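Chains as they are written, first to last, in UniProt numbering: chain E, 1 to 264; chain P, 1 to 440.
Worth flagging that the hints you see were computed from the coordinates, not collected in a lab.
For clarity, every value in this text was computed on a predicted model and none was experimentally measured.
Accuracy of the hints is not assured; some may be wrong.
Residues of chain E placed beyond 10 Å of chain P at every Cβ, according to the derived structure [claimed, not checked]:
{"hint": "1", "residue": "Gly29"}
{"hint": "2", "residue": "Arg84"}
{"hint": "3", "residue": "Arg183"}
{"hint": "4", "residue": "Ala184"}
{"hint": "5", "residue": "Ala202"}
{"hint": "6", "residue": "Val248"}
Pairs of lysine-lysine, BS3-like flavour, derived with a Cα cap of 25 Å [to be verified]:
{"hint": "7", "chain 1": "P", "residue 1": "Lys66", "chain 2": "E", "residue 2": "Lys36"}
{"hint": "8", "chain 1": "E", "residue 1": "Lys209", "chain 2": "P", "residue 2": "Lys91"}
{"hint": "9", "chain 1": "P", "residue 1": "Lys66", "chain 2": "P", "residue 2": "Lys183"}
{"hint": "10", "chain 1": "P", "residue 1": "Lys91", "chain 2": "E", "residue 2": "Lys211"}
{"hint": "11", "chain 1": "E", "residue 1": "Lys213", "chain 2": "P", "residue 2": "Lys91"}
{"hint": "12", "chain 1": "P", "residue 1": "Lys183", "chain 2": "E", "residue 2": "Lys209"}
{"hint": "13", "chain 1": "E", "residue 1": "Lys20", "chain 2": "P", "residue 2": "Lys283"}
Quick reminder that beta carbons are idealized off the backbone N, C-alpha and C, glycines included.
Okay, here's what each chain looks like letter by letter:
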Amino acid sequence: MSKALRILVPVKRVIDYAIKPRINKASTGVETTGVKHSMNPFDELSVEEAVRLRQRGEESKSPMKVENILALSAGGPKTPDVLRTAMAMGADRAFHIDVPEADGSPEPLTVAKMLRGVVEKENINLVLLGKQAIDGDQGQTGQMLAGLLGWPQATQASKVEIKDEAGTVEVTHEVDGGVETLRAKLPMVITTDLRLNEPRYASLPNIMKAKKKPLEKKTLADFGVEDTRRLKTVKVTEPPPRKGGGKVEDVDGLVSKLKELGAL
Amino acid sequence: MSRPQWQRLLRSRWAVRSLPTSQAGHNRFAARAAFSSSARRELMEMTGFTEEQLTVREAISHICSKFPNTYWQERDQQEKDPKEFHAALAKDGWLGIALPESHGGAGLGISEATMMMQTITQSGAGMAGAQAIHANVYATQPLAKFGTKEQLETTIPNIINGTWRTCFGVTEPNTGLETLKLKTLASKTADGYSVSGQKIWITCAQVASKMILLARTTPLEEVKKSSEGLSLFCIDLNRDQPGLDMRKIKKMGGRAVDANEVFFDNYQIPANTLIGEENQGFKIILHGMNAERCLLAGEALGLGYAALEKASQYAQERVVFGRPIGQNQGVAHPLADAYMKLEAAKLATYHAARLYDTNDGSVPFHSIGVACNSAKYLAAEAAFTACERAVLAHGGMGYAMEYDVERYLRECLVPRIAPVSREMILNYVSEKVLQLPRSY
Numbered sequence: 001m002s003k004a005l006r007i008l009v010p011v012k013r014v015i016d017y018a019i020k021p022r023i024n025k026a027s028t029g030v031e032t033t034g035v036k037h038s039m040n041p042f043d044e045l046s047v048e049e050a051v052r053l054r055q056r057g058e059e060s061k062s063p064m065k066v067e068n069i070l071a072l073s074a075g076g077p078k079t080p081d082v083l084r085t086a087m088a089m090g091a092d093r094a095f096h097i098d099v100p101e102a103d104g105s106p107e108p109l110t111v112a113k114m115l116r117g118v119v120e121k122e123n124i125n126l127v128l129l130g131k132q133a134i135d136g137d138q139g140q141t142g143q144m145l146a147g148l149l150g151w152p153q154a155t156q157a158s159k160v161e162i163k164d165e166a167g168t169v170e171v172t173h174e175v176d177g178g179v180e181t182l183r184a185k186l187p188m189v190i191t192t193d194l195r196l197n198e199p200r201y202a203s204l205p206n207i208m209k210a211k212k213k214p215l216e217k218k219t220l221a222d223f224g225v226e227d228t229r230r231l232k233t234v235k236v237t238e239p240p241p242r243k244g245g246g247k248v249e250d251v252d253g254l255v256s257k258l259k260e261l262g263a264l
Numbered sequence: 001m002s003r004p005q006w007q008r009l010l011r012s013r014w015a016v017r018s019l020p021t022s023q024a025g026h027n028r029f030a031a032r033a034a035f036s037s038s039a040r041r042e043l044m045e046m047t048g049f050t051e052e053q054l055t056v057r058e059a060i061s062h063i064c065s066k067f068p069n070t071y072w073q074e075r076d077q078q079e080k081d082p083k084e085f086h087a088a089l090a091k092d093g094w095l096g097i098a099l100p101e102s103h104g105g106a107g108l109g110i111s112e113a114t115m116m117m118q119t120i121t122q123s124g125a126g127m128a129g130a131q132a133i134h135a136n137v138y139a140t141q142p143l144a145k146f147g148t149k150e151q152l153e154t155t156i157p158n159i160i161n162g163t164w165r166t167c168f169g170v171t172e173p174n175t176g177l178e179t180l181k182l183k184t185l186a187s188k189t190a191d192g193y194s195v196s197g198q199k200i201w202i203t204c205a206q207v208a209s210k211m212i213l214l215a216r217t218t219p220l221e222e223v224k225k226s227s228e229g230l231s232l233f234c235i236d237l238n239r240d241q242p243g244l245d246m247r248k249i250k251k252m253g254g255r256a257v258d259a260n261e262v263f264f265d266n267y268q269i270p271a272n273t274l275i276g277e278e279n280q281g282f283k284i285i286l287h288g289m290n291a292e293r294c295l296l297a298g299e300a301l302g303l304g305y306a307a308l309e310k311a312s313q314y315a316q317e318r319v320v321f322g323r324p325i326g327q328n329q330g331v332a333h334p335l336a337d338a339y340m341k342l343e344a345a346k347l348a349t350y351h352a353a354r355l356y357d358t359n360d361g362s363v364p365f366h367s368i369g370v371a372c373n374s375a376k377y378l379a380a381e382a383a384f385t386a387c388e389r390a391v392l393a394h395g396g397m398g399y400a401m402e403y404d405v406e407r408y409l410r411e412c413l414v415p416r417i418a419p420v421s422r423e424m425i426l427n428y429v430s431e432k433v434l435q436l437p438r439s440y
């Protein structure tokens with residue numbers, strides 16, 4: 001295997017994290033029309049990490065250079081927006097997998113199978129993806145992809161370090177009460193967590209350059225995948241409104257109230 | 001949003017484990033959330049903008065979100081230059097938005113630059129934020145078009161990357177609108193020029209290292225045509241050199257950004273500072289004036305929408321006599337009216353910018369002039385209406401610094417007055433469109 005990284009960064013266009021989601025009229029999902037969308041924040045972290053791996057390679061701070069960063073996203077006609085953002089941040093090229101907007105997002109297993117197809121066709125040796133998308137919050141794709149490929153995986157990375165030219169990678173992730181460091185060899189799948197880095201804002205010259213970078217339109221069928229659905233959303237509802245608490249006079253009052261409620 | 005709040009948000013929504021507070025503040029995702037007010041849908045109708053304009057808006061909003069209203073309140077109160085803001089925009093290449101790609105710019109047009117300026121004022125930065133960079137975006141246009149190879153290769157990249165800041169030196173105490181009568185004299189010496197005279201309302205002169213200077217190189221009595229005899233220079237503002245003095249002007253709004261009287265007394269400048277041909281300076285700056293009208297119109301719009309957003313929010317939240325004050329038509333209608341005025345001015349502004357950018361000879365020059373002047377006029381008036389009504393909708397709180405609208409009201413007088421008065425625009429339209437005899 002050659003001594004350069006060919007990174008795949010799948011990204012998703014989701015409702016902007018700062019928008020308060022509202023349930024649609026039919027109670028089948030979250031209202032998306034006319035709502036600001038941006039790149040899933042966890043995916044911004046993956047793009048940033050890929051670009052940083054390249055920088056570290058160029059500055060000889062990392063034993064492996066980055067040969068190519070491919071950004072990919074599946075969705076409707078507005079999907080290229082997030083792909084341009086990814087390319088403005090530093091990805092070299094992008095695939096837009098055309099999935100009709102009306103169908104909603106494909107399920108994680110479908111996405112994972114599609115990504116497997118891309119990995120094989122494009123000779124990818126590192127997949128960096130967000131640990132979850134903030135719309136579906138399923139958090140499954142990375143793990144499923146690693147399973148399908150039979151590759152090692154390191155989830156929720158807070159630090160990624162290439163250790164040698166042979167492709168040994170050390171990934172730190174946070175667990176309850178501390179950090180855990182994993183070591184594996186390329187090819188591998190890494191999912192990213194909030195602490196990994198601070199994604200950059202695309203600079204104006206890079207936004208302009210991104211317009212000229214190649215963006216190819218593909219379909220699921222190009223990677224031998226069908227958009228089969230195993231799950232049906234029955235109903236989406238708002239959480240019940242919070243009830244106001246009660247007030248107690250003093251500590252004694254608090255203790256007796258807690259006893260009354262069976263908490264003590 | 002306070003820090004504990006967003007920590008909770010991140011924990012609950014995305015299950016971040018054991019978040020050490022020391023590191024938490026470094027995450028941009030979190031930092032952005034801390035200042036974000038974008039949970040509300042924005043008032044301005046966003047359809048009809050180009051993809052480029054939307055990209056600019058989004059990227060500039062991100063940068064501006066790092067500079068909350070409290071930053072601008074403080075700068076305004078302390079009259080302190082927002083140099084971090086200028087640096088942040090320079091770092092990501094935004095000062096070169098409308099400069100040619102061959103000199104490190106982005107090669108976009110005035111339509112995009114106007115959107116950038118609007119996004120800046122609308123973020124809460126107001127005119128102070130716009131004026132901190134305005135001249136760097138606009139006064140560099142004639143330099144890029146007429147400058148020598150040396151000027152293009154040294155000055156422009158340094159202005160784009162923020163190493164040098166520039167100011168624009170045209171206005172004089174006795175020749176505000178009568179640019180052709182300006183008196184500052186640049187007389188030829190053995191190896192350059194000696195400048196004497198006075199400039200006024202020079203924004204950012206205290207922090208600038210360069211000035212795009214318009215000065216007379218042929219006395220008014222000796223010129224054949226009144227539009228000749230002026231020359232444009234790109235000079236160093238070297239305070240250690242004799243003959244240069246400047247004084248800050250205390251002013252009503254935009255106090256973070258300095259405005260100055262600048263005095264030249266036999267201030268020596270080298271010959272290679274001349275931009276374009278000698279005595280053709282007026283024609284050269286004329287080229288950029290319509291562009292400046294568009295930028296100013298955009299700045300006014302942003303200020304107006306910012307004020308209106310504050311006002312409509314306050315009118316929803318403030319409860320008097322058991323209901324939000326916005327439920328009273330006496331409060332709601334003036335705001336609704338202000339909104340429609342802003343929308344109309346917005347259409348005029350981006351129409352003018354589009355005409356300016358077309359620039360292929362298919363649009364007569366005077367149509368562009370009328371469109372750009374109308375846009376500046378309409379946007380400034382709409383902004384004033386919105387800002388004044390925003391203060392009134394806030395009642396007593398509108399008078400308090402904390403609510404920002406008093407700052408916007410003070411600042412929105414700038415686009416009404418500068419760079420050309422309302423009355424001169426009315427004169428221009430009377431003469432050029434209505435074909436009425438000139439009154440002055």
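Test the statement that Ala202 of chain E is away from the interface with chain P: the closest C-beta pair must be farther apart than 10 Å. The claim is violated: Ala202 of chain E sits with its nearest Cβ about 6 Å from chain P, within 10 Å.
Does Lys283 of chain P lie within 25 Å of Lys20 of chain E when you go C-alpha to C-alpha? Roughly 52 Å separates the two Cα atoms, so the pair is violated.
Would the hint linking Lys66 of chain P and Lys36 of chain E be met if the CA-CA limit is 25 Å? Judged against 25 Å, a Cα distance of about 19 Å means the pair holds.
Below or equal to 25 Å on CA atoms is what counts here, so check Lys209 of chain E against Lys91 of chain P. Status holds; Cα separation ~16 Å.
Assertion that Val248 of chain E lies farther than 10 Å from chain P (Cβ): holds (23 Å)
Quick one, are Lys183 of chain P and Lys209 of chain E close enough, alpha carbons at most 25 Å? violated (45 Å)
Pairwise hint evaluation, Lys211 of chain E against Lys91 of chain P, where the allowed Cα distance is 25 Å at most: holds (20 Å)
Taking the minimum C-beta separation from Ala184 of chain E to chain P, is that value above 10 Å? holds (21 Å)
What's the verdict on Lys213 of chain E and Lys91 of chain P, does the C-alpha distance respect the 25 Å limit or exceed it? holds (22 Å)
No chain P beta carbon within 10 Å of Gly29 of chain E's: holds (17 Å)
Decide, holds or violated, for the assertion that all CB atoms of chain P are farther than 10 Å from the CB of Arg84 of chain E. Label violated. Min Cβ-Cβ 8 Å, cutoff 10 Å.
Are the Cα positions of Lys66 of chain P and Lys183 of chain P separated by 25 Å at most? Roughly 43 Å separates the two Cα atoms, so the pair is violated.
Comparing the model with each numbered hint stated earlier shows that hints 2, 5, 9, 12, 13 do not hold.
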